[in-house]
Amino acid sequence: MGDIVLRNVTKIFGPTPARLLDQLRAGANKGDLLAQTGHTIGVRDVSLTIEAGRCFVVMGLSGSGKSTLVRHLNRLIEPTAGEILFDGKDILRFDPDALRRFRRDRTSMVFQRFALFPHKTVLENAAYGLNVQARDRAERRANLEKARHWIARVGLAGYEAQYPSQLSGGMQQRVGLARALATDAEVMLMDEAFSALDPLIRREMQDQLIRLQTELKRTIVFITHDLDEALRLGDRIAIMNDGAIEQVGSPEDILQRPATEYVARFIEDVNRGRVLTAGAMRLEAVIVGESEPPEAVLAKLHGQALPVAYVADAEGRLAGAVTESMLRGAAPAATLRALAQPVPSAPASLVLERVLPLTLESDLPVAVVDDAGRILGMLPKDRIIAALAAHLPGPGA
Amino acid sequence: MSIASALSFFACVAIVAAIVYFGLAPGRHAARTRIAASAGVAAVLLVTGFAGGWSALVGERPEMPLLPVGEQIDRLVDWLVVRYGDFLGDINNWIVHKIGFFERFLHQSVAWPLMALLFAAIAFHASRSLLLAATVVVAFALIWSLDLWTPTMQTLSLMSVSLLVTVAFGLPTGILMSQSDRFRALMTPILDFMQTMPSFVYLIPVVMLFGLGTFSGVMATMIYAAPPLMRLTDLGIRLVDKEVIEAATAFGATRRQTLFGVQIPLALPNIMAGVNQSIMMALAMVVIASMIGVRGLGQEVLYGLQRQEPGAGFVAGLSIVLLAIVLDRITQAYGRRLAAHRQVVH
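Chains as they are written, first to last, in the working numbering: chain A, 9 to 405; chain B, 2 to 347.
With the rest of the complex left out, here is chain A:
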C-alpha cells in the first residue's frame, strides 16, 4: 500500500488552460480570470500527501474545487499541471490501458447521487467493478458470490434481486458502498457520499463506515461540505477554498489552531464538545508513585499552578489524587496510598461533551487515562469550559 502524493496540481477549465498557468502563478484571482479569459479555476496549486490506510477528508463549500480534486485521483479529470504519484509512480503517465487497470484494481468510487446502474439488480450493481474485468461466465458467477458477501456486510442481505429504484436513498448508497468495497481496491474515493441522505441515515452510514474502516484500513479520500462530518470521519482534514488548500491537519489542529482567517470563520459554529477529546485537550499532570514520601511530592508540587498530584500504582494505573493542602494537613507517617482521594477519570478518546458531567463529581481536575487505565494527564473544569467556548490558549499555557 502506498501513499498518494499530489504535487502542485492545478486545473483550469476552458479552451486554452495551459496559457493561463503563468497568470495563475502570478496570483490572478478566480473572478478576474473568468471575466478576462472565460476560464475557471478548478484546483489551484494543490500539494498533499494522503497517507495509506487512513481516512483523509477534503472539506469545502460548493465550488471550492473539492469534487474536481478527487476526480484527479483516478483521472476522471486531467490536471492542467502537476504530478500525482501513487506508490511513487506518476499516474498521469499511464496510457489508456494502464489507466483502466489502475481504476479497476487500485481505486473505487462512491458518488453523491449514488450513480447506480438502474437497469441492474442490487447484486449486479455490487458486482459491477468485478465483472468489468471478468473473462468468462464462471468468473462472473464467482464475482456475484463475492458481491453477495459485501451486500451482507453493508446490511442489505435479502435485497440482492431488487432494483435500485425499489430502494430508499440510504439503501441505494449502501449498494454504492458495497460496489466500491467489493473490488478490494485499496483506495476508496467518496465524493460527498452521504450528503444526499437524511441526517439520521447519514449518521448511521458514518458509523458504518467508521466500523468498516477500523477493520479494513483502506485509504479513504472523503469529500464533504459538512464540517461535523469531516471532523467525525477524518484522520486528517484538508480545508479547501477557491480551489486552493487553506489548511491540512488533524481535526484538533483545525479546531485549535486555524491557520487562516477563512478556516477560523469556518469553525466558529462547530460543536466543539462533540469533536475535541480529553486526550487532545489534556494538560501535563504531576504523577507520583504510591510509595513516594509525601514530602517529596510536596516539593514537586511547589510552584505548580494546580497543586494536584495523581497517584499511580506499580503499573502506572490511576489510584487517586492528592492536593498540596491535603499533604500539609496529613499525619507525618501517612502514606500516599492512604492519603489519595478518588478522582473522576476519562479515557483519552472521550469527547468533552461527555467529560463535562464528570467534573461535577469532584473539585479535582479529571484525570485523563488510556485504555489500560494509565494516567496520561489531567483536565481541569475551567479548561473544558474554555475549550467549549472557543477561548482557548494553546496547550500548556
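Do not take every clue at face value.
[Unchecked claim] Straight-line distance between alpha carbons at most 30 Å, and here's what the computed DSSO-like set of lysine-lysine pairs gives:
# : chain 1 : residue 1 : chain 2 : residue 2
1 : A       : Lys97     : A       : Lys308
2 : A       : Lys128    : A       : Lys154
3 : B       : Lys243    : A       : Lys128
4 : B       : Lys243    : A       : Lys154
5 : A       : Lys389    : A       : Lys308
6 : A       : Lys154    : A       : Lys225
7 : B       : Lys99     : A       : Lys38
No lab work stands behind these hints: they were computed from the structure. Here the structure is a predicted model, which means the values were calculated and not measured.
Dock chain B against the given chain A, drawing on the hints supplied.
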C-alpha cells in the same frame, strides 16, 4: 469536367456547408468545423452577390441558372442508370421476390383469425392488458369485414421489411451520432433533408434506378422513416445520467463496455420511442408509395381517388388508421415496459 459541372460541384459543397453552419449549436463545435461552415456561407453569399450585381449592372438576366445544380444531378442519375441499371434491377428483383414471399405468407398461409390472435398475444405480452388484446382482435376483425384483409397484409409486410431496414441502418447511425459530435454535426442537416424534402423528389431517382414497385417503396419509406429513430437513439444515449457513466469509467469499464452495457440499455425507452415514431412515419408513406406501384392499402386509397369513390377511399384509410393504432399501442406498451428500472431514482 466542364466548368459548369465543376461550378455546380462547388456550389453543392458550399450549400451543404451553409446548411451545416445554421445547424451548429453556438459555442459547442471545433474551430475547424466552424471555419469550414462559415466559408460555405461566404461562398454562397459571394457568388449570388456578384451575379446579382452583374445582372443589375449589365441589365440582362442569365439564360441558364447561375448554378446548374439540377442539370448536373440529371446527368449523374442518367449515368448511374446507364452504368448500373441492370445490376440494380437484379437486386430489385431478388428483394421483391423475398418480400413477395413474406407477403404471400402473411395473407395466404396464415388465416386471418390466427393472425389476429397472434397480434393479440403480442399486445398482451407487451402490456399485460386484456383490453388492448381485445382491441387488437376487434380492429383486425373490422379490417377483415371491410374486405381489406389482403391489402392490409401487403401493407403490413412492406412495413415490416421497411422497419427492418430502417432499424438496421438507423440504430447504428444513431449510436455513431451519439459517440461523435462531428458525425452528429454532419448528420443533422442530412436528417433535416430526409425529413423535409418532399418525398416525390427522391421518388424520381429511386424509381429511375430501381423501377416501379415494392423495393422503391421500401427505399422511399426508409428515407422518410429513419430520421426519428436516428435522432431519438442519439438523444437517448446522450441523455443517460452523466454520473452513471462516470461510475462505469471509474470502475475501469472500456468505452465499448460503457456503451453497450450502460448507455444503450438505459437509452432503450427512447430508442423504442424512435421505433414507434418510425412506424407512424412509415404508415404515412403508404399512400405516396402506392403511386410508384406498391400494392396494399395505399393503392386502395389511390383507387378511391382515381375512380371518385369516396367510400372506398374512406374504408382503406380507416384500415390504415386501425393498423396504426394497433402498432402504436403495442410499441408504446413495450416502451413503457422497458422504462421500468431504467430511470434514475433518488
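Evaluation of the provided hints:
For the hint linking lysine 97(A) to lysine 308(A), the alpha-carbon distance of about 55 Å lies beyond 30 Å, and the restraint is violated. In summary, the hint linking lysine 128(A) to lysine 154(A) is supported, as the alpha carbons are separated by about 17 Å, within the 30 Å threshold. For the suggested pair lysine 243(B) and lysine 128(A), the alpha carbons sit about 17 Å apart, so the restraint of at most 30 Å is met. Straight-line distance between C-alpha atoms of lysine 243(B) and lysine 154(A) comes to about 28 Å, which keeps the hinted pair within the 30 Å bound.
Proximity of lysine 389(A) to lysine 308(A) is assessed by CA-CA distance (about 22 Å); at most 30 Å being required, the pair is judged to hold. As the CA atoms of lysine 154(A) and lysine 225(A) are separated by approximately 19 Å, the hinted pair is consistent with the 30 Å bound. A distance of roughly 67 Å separates the Cα atoms of lysine 99(B) and lysine 38(A); the hinted pair therefore is violated under the 30 Å criterion.
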